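Colleague: Chains S and E, in that order, are what the protein sequence lines are. Residue numbering for the first sequence follows this note's numbering, starting at 1 and increasing by one per position. Residue numbering for the second sequence follows this note's numbering, starting at 1 and increasing by one per position.
Among these hints, one or two may not hold up.
Listed below are several chain S residues computed to face chain E (Cβ distance under 7 Å; list not exhaustive) [what the hints assert, rightly or not]:
#: 1; residue: K31
#: 2; residue: R45
#: 3; residue: F53
#: 4; residue: E144
#: 5; residue: R150
#: 6; residue: T152
#: 7; residue: A290
#: 8; residue: P305
#: 9; residue: V324
#: 10; residue: A379
#: 11; residue: Q381
Because the hints were derived from the structure by calculation, they are not lab data. Predicted, not measured: the structure shown is a model, and the values here were computed from it. Heads up, the beta-carbon is just placed ideally off N, CA and C, and yes, glycines get one too.
There are 2 protein chains.
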Amino acid sequence: MKKVRIALAGFGTVGTGLAKIIRENEEWIKKRTGAVLIIEKVLVRDISKPRPFVPHPTTTFTTNPAELLEGNPDILVELIGGTSLAYELIKKALEKGISVVTANKALLATRGKELLSLAEEKGVGLYFEASVGGGIPIVETLKESLAGNRITSITGILNGTANYILTQMSQKEWDFSTALAEAQKRGYAEADPTLDIEGIDAAHKLAILIFLAHGVVYPFEKLRVEGITDLSLKDISFAQELGYVFKLIAQVKEKSGYLQAGVFPALLPKNHILAKVDGPYNAILLNGNAVGPIMLYGQGAGDLPTGSAVLADIISLVKNNKQVNNTGFIESPFEPAKILEPLSVVSEHYFRFSVLDKPGVLAALAGVLGEYNISIAQAIQKASPSERAVPVVFLTHRARLKDVKKAIKEIDKFDFIVNPTVHYPILP
Amino acid sequence: MKKVRIALAGFGTVGTGLAKIIRENEEWIKKRTGAVLIIEKVLVRDISKPRPFVPHPTTTFTTNPAELLEGNPDILVELIGGTSLAYELIKKALEKGISVVTANKALLATRGKELLSLAEEKGVGLYFEASVGGGIPIVETLKESLAGNRITSITGILNGTANYILTQMSQKEWDFSTALAEAQKRGYAEADPTLDIEGIDAAHKLAILIFLAHGVVYPFEKLRVEGITDLSLKDISFAQELGYVFKLIAQVKEKSGYLQAGVFPALLPKNHILAKVDGPYNAILLNGNAVGPIMLYGQGAGDLPTGSAVLADIISLVKNNKQVNNTGFIESPFEPAKILEPLSVVSEHYFRFSVLDKPGVLAALAGVLGEYNISIAQAIQKASPSERAVPVVFLTHRARLKDVKKAIKEIDKFDFIVNPTVHYPILP
């Protein structure tokens with residue numbers, strides 16, 4: 001039986017998960033591929049660490065990156081993350097004609113063009129199913145199943161950590177820091193959670209989806225990226241009262257060839273299909289000009305789900321080794337995306353004003369909003385006996401984000417405004 | 001540019017949809033495949049019918065099946081349905097070394113083994129993404145993305161007609177025949193709706209999913225198949241009162257290498273992810289031993305969604321013409337499934353008894369259930385002043401279906417039973 005020799009960079013959660021699946025499902029994988037997968041060499045940081053689980057009796061461990069590809073493996077699996085050593089390893093593998101499987105969204109979002117061009121030039125595989133949505137087959141779906149569709153929109157919950165935090169805040173009325181601490185305790189959030197809670201991780205994934213769906217490069221630094229660190233329990237409960245839940249949304253919409261893209265917290269109506277995606281789950285809702293709406297849902301992270309996606313890529317490379325399909329395009333179209341100004345996005349909006357309870361306040365607020373063509377759909381005003389400031393919440397009809405930002409700037413100059421105005425869009 | 005010559009059998013809803021997508025997305029498909037797709041010949045029933053839309057300036061129409069493959073096309077797309085002419089056409093194409101794309105679930109469920117063996121022998125493609133779930137990429141997902149997983153369960157809403165009817169009954173309190181008439185009016189149900197409402201269509205699709213997930217043939221005639229024709233509004237509203245909705249479920253569970261499979265109406269807790277799949281939508285919830293739970297959701301029928309799936313297969317064949325992947329297995333394992341007796345399935349249950357309102361009735365019912373190890377979790381008894389019979393509804397704890405059937409048989413002998421007992425499982 002054919003042997004597929006794998007070099008594995010990184011033996012953390014996902015690397016171990018992958019090795020376990022390969023062991024557990026070995027006979028099944030033979031039926032699927034006609035091959036046996038052997039993890040021959042593993043690059044680790046600490047060679048002295050005890051390894052209760054070893055991928056294969058012949059596996060050797062090394063701390064020296066230069067050694068990893070020495071034996072000319074069939075496939076390099078890169079799971080160390082980061083954009084420096086991972087970049088060097090992948091580049092070296094591709095140059096040697098070795099196919100690569102990676103879960104590295106940060107690297108692909110920022111240097112994907114360069115690496116995919118190199119893979120194309122060398123005629124080898126560079127697969128990355130695990131980079132978006134954990135075990136959810138979204139990369140394959142965009143490259144293959146929906147290849148004949150023009151994708152008009154993608155709306156995703158792409159970060160399980162942020163979604164877990166928002167779910168706990170909504171359901172248990174925890175504040176942000178309590179929910180974050182719990183996420184860290186459960187292993188859903190890292191010690192430094194910045195990438196997750198600031199929306200950066202979701203934005204990396206969005207950049208990859210944009211490339212797969214539209215065949216263009218959207219410069220990562222031009223994406224609108226807003227995280228959830230400022231979200232307060234107050235807004236979550238007002239939203240609930242109005243029939244909405246908060247989600248951290250990654251979205252791209254295509255309008256006459258131009259793309260409007262960003263990551264931002266938004267309110268979703270409770271009956272929206274993405275509103276039910278709770279806890280560490282991810283989901284991606286796509287619209288294609290033929291298929292209509294499609295949603296894919298599953299675990300966005302974790303050892304086995306992400307390992308499953310890495311394994312899917314390995315199997316695909318083993319089966320189609322003569323005809324790799326890295327991008328879903330015949331010649332990777334690396335043109336820059338035509339970008340629609342993120343602030344031109346139109347949607348309904350949520351406002352919470354902190355005001356002094358005195359006559360004329362509502363009229364003044366409504367007046368400024370009206371000047372910017374923002375009309376009010378619903379309002380809540382609550383007495384707050386213990387506090388000096390009274391919250392006033394508005395839901396508006398559709399308005400441009402740019403106008404909303406301008407209106408807020410003007411409103412916050414009023415002397416009856418106690419705290420800066422809070423604003424979130426309703427899912428565009 | 002490379003030309004891909006397509007012979008199309010059938011120019012109804014899906015065939016026209018396919019031709020429209022190919023036209024609309026022609027430039028895009030070139031970027032994806034490096035080829036132009038040309039529908040050269042179309043087999044129709046009535047040549048004199050006006051054709052306001054013609055796939056390509058060079059397309060010719062014929063009513064003679066023998067003519068369809070005369071020009072040795074690259075791909076036959078079979079969309080006429082049925083199991084006789086469709087079978088002959090596909091067989092002939094495969095024998096001539098022509099790859100086939102089909103949406104024909106009835107044919108695949110009953111004669112798939114024979115046709116897939118022939119395709120394997122000839123080394124050509126036989127692709128069928130459109131046979132299950134319309135535009136949802138479930139076939140590709142099972143063949144490729146989840147190929148490294150052992151699938152432990154599949155639970156699907158696979159028939160959009162039945163789901164539309166159940167949704168209308170639940171939300172609008174229509175009875176079955178009103179909802180069916182509306183489905184027919186909207187084009188969701190055919191003039192003869194038997195295949196849809198009796199669960200047969202869903203069972204065809206389930207047989208295909210079982211083959212793809214487990215690599216075994218589950219004889220179609222051995223599937224448990226129960227439809228929704230007897231479902232009454234009474235049961236739907238009792239279920240709602242208890243926090244459940246009715247769905248027509250297609251399910252297979254793997255237990256130690258044995259498969260338990262069937263199509264049946266069942267109650268789903270309202271917060272179950274499949275409970276929110278409404279109207280003509282389909283969804284498939286899978287569990288893999290690596291990926292965990294995954295759900296795919298989309299339109300299960302219709303010209304463009306199903307056309308999108310057919311196009312996905314065509315694109316896949318064009319791109320991977322040297323390495324077709326019909327089944328997801330290296331050598332199609334056509335062994336028969338090891339079948340777990342459908343009646344051995346264990347779940348919670350819903351009962352509605354029609355009884356005379358007299359002393360001792362509840363005790364007698366509970367007594368018989370107890371004899372069969374069925375214990376009651378919730379009960380509703382309602383006075384019904386206008387009718388002689390009073391409904392008594394029980395939800396039970398987990399019990400074997402076989403025991404449930406026996407208990408009902410015994411209970412229905414009581415003289416206080418006015419109408420035969422109604423029973424449905426809660427989603428196992």
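Colleague: Going through the earlier hints one by one, which of them does the structure break, listed in rising order?
Modeller: 2, 3, 6, 9, 10 and 11
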